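Read top to bottom, the protein sequences are chains A and B.
Residue numbering for the first sequence follows our numbering, beginning at 1 and increasing consecutively.
Residue numbering for the second sequence follows our numbering, beginning at 304 and increasing consecutively.
Don't read these hints as lab results, they were simulated from the structure.
Owing to the predicted nature of the structure, the values given are computational and were not obtained by experimental measurement.
Among the clues, some could well be false.
Partial list, computed: chain B residues near chain A (C-beta under 8 Å) [stated by the list, open to error]:
#1 546
#2 549
#3 609
In silico DMTMM-like cross-links for lysine to aspartate or glutamate, where the CA-CA straight-line distance does not exceed 25 Å [what the hints assert, rightly or not]:
#4 B:594 with B:476
#5 B:425 with B:534
#6 B:502 with B:476
#7 A:205 with A:189
#8 B:594 with A:246
#9 B:502 with B:478
#10 B:373 with A:189
#11 B:373 with B:361
#12 B:425 with A:139
No residue lacks a Cβ here, since even glycine has one placed at the ideal position from N, Cα and C.
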Amino acid sequence: MSLAEVHEVEVLDERLPSGLWREVWRRLRRNPGAIIGATFVAGFVIVAIFAPLLAPYSPNEQNLSLLVNGCCPGPSWSHPMGVDELGRDELSRVMYGARYSLVIGVVAVTVGLSLGMLIGAIAGGFAGLTDSVAMRGMDIMLAIPGFLLALGIVSLMGPGLFPVMIAVGIANVPIFARLFRGTILGQRDSDYALAARSVGVRRRKILTGHIIPNSISPVIVAGTLAMATAIIDVAGLGFLGLGPQDPATPEWGTMLTNANLYVSTAPFLALFPGLAIVIIVLGFNLIGDGLREALDPKLRGRV
Amino acid sequence: MARFVVRRLLLLVPILLGLSILLFVWVRALPGSTAQALLGERTTPGAVDRFNRQYGLDRPITTQYWAYLKTTVRGDLGTSVASRRPVTTEIRERFPATVELAVAAMIFALVIGLPLGFFAAKRYGEFFDHSSLFLSLIGVSIPVFFLPIILKYIFSVRLGWLPSIGRQDVLIDAEHPTGFYVLDGIITGNWNAAWDASKHLLLPAIALGSIPLAIIARVTRASTLDVQNEDYVRTAKAKGLAPSAIDRRHVLRNALLPVTTIIGLQVGILLGGAVLTETVFAIPGMGSWLKEAIFNQDYPALQGGILFLAFVFVLVNLLVDISYGLINPQIRVS
Chain A
1 MSLAEVHEVE
11 VLDERLPSGL
21 WREVWRRLRR
31 NPGAIIGATF
41 VAGFVIVAIF
51 APLLAPYSPN
61 EQNLSLLVNG
71 CCPGPSWSHP
81 MGVDELGRDE
91 LSRVMYGARY
101 SLVIGVVAVT
111 VGLSLGMLIG
121 AIAGGFAGLT
131 DSVAMRGMDI
141 MLAIPGFLLA
151 LGIVSLMGPG
161 LFPVMIAVGI
171 ANVPIFARLF
181 RGTILGQRDS
191 DYALAARSVG
201 VRRRKILTGH
211 IIPNSISPVI
221 VAGTLAMATA
231 IIDVAGLGFL
241 GLGPQDPATP
251 EWGTMLTNAN
261 LYVSTAPFLA
271 LFPGLAIVII
281 VLGFNLIGDG
291 LREALDPKLR
301 GRV
Chain B
304 MARFVVRRLL
314 LLVPILLGLS
324 ILLFVWVRAL
334 PGSTAQALLG
344 ERTTPGAVDR
354 FNRQYGLDRP
364 ITTQYWAYLK
374 TTVRGDLGTS
384 VASRRPVTTE
394 IRERFPATVE
404 LAVAAMIFAL
414 VIGLPLGFFA
424 AKRYGEFFDH
434 SSLFLSLIGV
444 SIPVFFLPII
454 LKYIFSVRLG
464 WLPSIGRQDV
474 LIDAEHPTGF
484 YVLDGIITGN
494 WNAAWDASKH
504 LLLPAIALGS
514 IPLAIIARVT
524 RASTLDVQNE
534 DYVRTAKAKG
544 LAPSAIDRRH
554 VLRNALLPVT
564 TIIGLQVGIL
574 LGGAVLTETV
584 FAIPGMGSWL
594 KEAIFNQDYP
604 ALQGGILFLA
614 FVFVLVNLLV
624 DISYGLINPQ
634 IRVS
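Could you put the whole structure together from the sequences, leaning on the hints where they help?
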């Protein structure tokens, strides 16, 4: 579990005296998959934070003398992941790349989650015309395959790291909006909402005070899984050359574009950034699955 | 059933209208004037004027939208800035490559994913189950642009078994009446060409199909587990039906229902992923074309291409819904 989520869980724990989140935390700790996922993610967070201390070289330090025998020297004791086509240490670049990937995931998911939850809450909270208009709008966005939608948005804003994160976030909006609206509608008909209504609590207060806090758990699961797909999608856009335009940026997707050109002579240049993506994405997927099971034990081993 | 189909078809209209509005607004939100965006950077003031008059860009925005809608419905998606050819011509030439790739990827995903999920459920909690779960987790975690690089290195560079780029060897003399190269080889009786096109297709299809495979396996497993505990399965067991007959007639048939519903969504993943897979394997399909369009700032191509692919995606989902209605008696009745 990433630091952000531990924090999230604790905050919710204070708000909900029911102890739901304590129970979830207990179940998560017993789930080997979630533990492995949390270890992967924690490892990456540590590498990302301490990259300047951990990396043996600067990510942009070029040592062209290493390339005298052609591109590119493979893994060795001084360069455990080899050296890239500009004589830069691959390990250091992969380590610095962790910073980009984590920021990318957090920003993209935050954009998608906040806009999506806002639209979903408005649609679910105020039924009728507002709901129809908002949801038809989401349907239209969903009609464009997600990656293509992100491509379209990037072409509006021009290439770069920031546009790519925003684009992937916006492409996620309809998914969160539909999910949040669905759970809100489910909660709205629940007994406790009826009870609140019958004692005369105002509609807005029921929505913000009761329904939304109880609708949050599926969104947390979806948000964790969305971290995984956001990191993949942003790396994909980076791979197409739409990511950071400065080739010195050690973003994993962009690194793979260059590595693809040298794949026959230096496959390790593609292998290490690629594996880094797989491991962190796997980590978020494992945590997401674990959270889903912990929140709904009926699903245990099912999905 | 007819009413169900008609209702679904009618629901399509607002979606397609909305899509057209979205893409109309998108072009107008592009930097620079609309005429400039659609004619390209190296256009002349005269051409801009002519274009503005032709498409009514000097008139109110609602009139403009109406004009755009009319031309689009007529099947005119504009002219590509990069190639100066109609966007529809470009799509006609490139779409078969993407369809071929997507179909091959889907076949791969179903052929491996369905049995994987089904037998994992049959061996619930055993080693096979755990490894198939792990495999599908890896499947959704591997980027569709990383897997092909690895596959290319192993099977093309190292082993030399399979070609690494393109759709067919340039030295092969083949006719292409349909544009689906494997099919073309078969119908023209050119087995050599069909075999070569299949070999070119194999690695991209595996790479693109990895995510749908993982998702199909997971859904199949989950729905098989659900169905196995149903009363009718217990009844079938109690009356002494052979296990293979139970699986075939009762379990599989019902377990596959939820799987059909997700196949439509997978097509979206395939169409999006095609951009990346086609780029890695240098396949001249819709995906690599859209990627080039972004770099050339070829907005008519992007507008038309995205509209077309979204239309295909929506249509496939409609077909999936209708066929789900056909195979699921519960929906047919209601």
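Hints versus structure:
1. Annotation: interface hint on residue 546 of chain B violated; nearest CB of chain A at approximately 22 Å, more than 8 Å.
2. This hint is violated: residue 549 of chain B has a C-beta 20 Å from the nearest C-beta of chain A, more than the 8 Å allowed.
3. Checking residue 609 of chain B against chain A by beta carbon gives a least distance of about 6 Å; that is within 8 Å, so the hint holds.
4. Restraint check for residue 594 of chain B and residue 476 of chain B: the C-alpha separation of about 29 Å exceeds 25 Å, so the hint is violated.
5. With a C-alpha separation of about 17 Å, the suggested pair residue 425 of chain B and residue 534 of chain B falls inside the 25 Å cut-off, and the hint holds.
6. Distance check on the hinted pair: residue 502 of chain B and residue 476 of chain B sit about 16 Å apart at the alpha-carbon level, within 25 Å; holds.
7. Of the supplied pair hints, the one linking residue 205 of chain A and residue 189 of chain A holds, its CA atoms being roughly 15 Å apart against a limit of 25 Å.
8. A hinted pair counts as satisfied when its Cα atoms are at most 25 Å apart, and residue 594 of chain B with residue 246 of chain A qualifies at roughly 19 Å.
9. A distance of roughly 17 Å separates the Cα atoms of residue 502 of chain B and residue 478 of chain B; the hinted pair therefore holds under the 25 Å criterion.
10. For the proposed pair residue 373 of chain B and residue 189 of chain A, the alpha carbon gap of about 45 Å is over 25 Å, so the pair is violated.
11. At roughly 17 Å between alpha-carbon atoms, residue 373 of chain B and residue 361 of chain B fall within 25 Å of each other, so this suggested pair holds.
12. Between the alpha carbons of residue 425 of chain B and residue 139 of chain A the distance comes to roughly 37 Å, so the proposed pair goes past 25 Å and is violated.
Violated hints, listed in ascending order, are 1, 2, 4, 10 and 12; each of the other numbered hints is respected by the structure.
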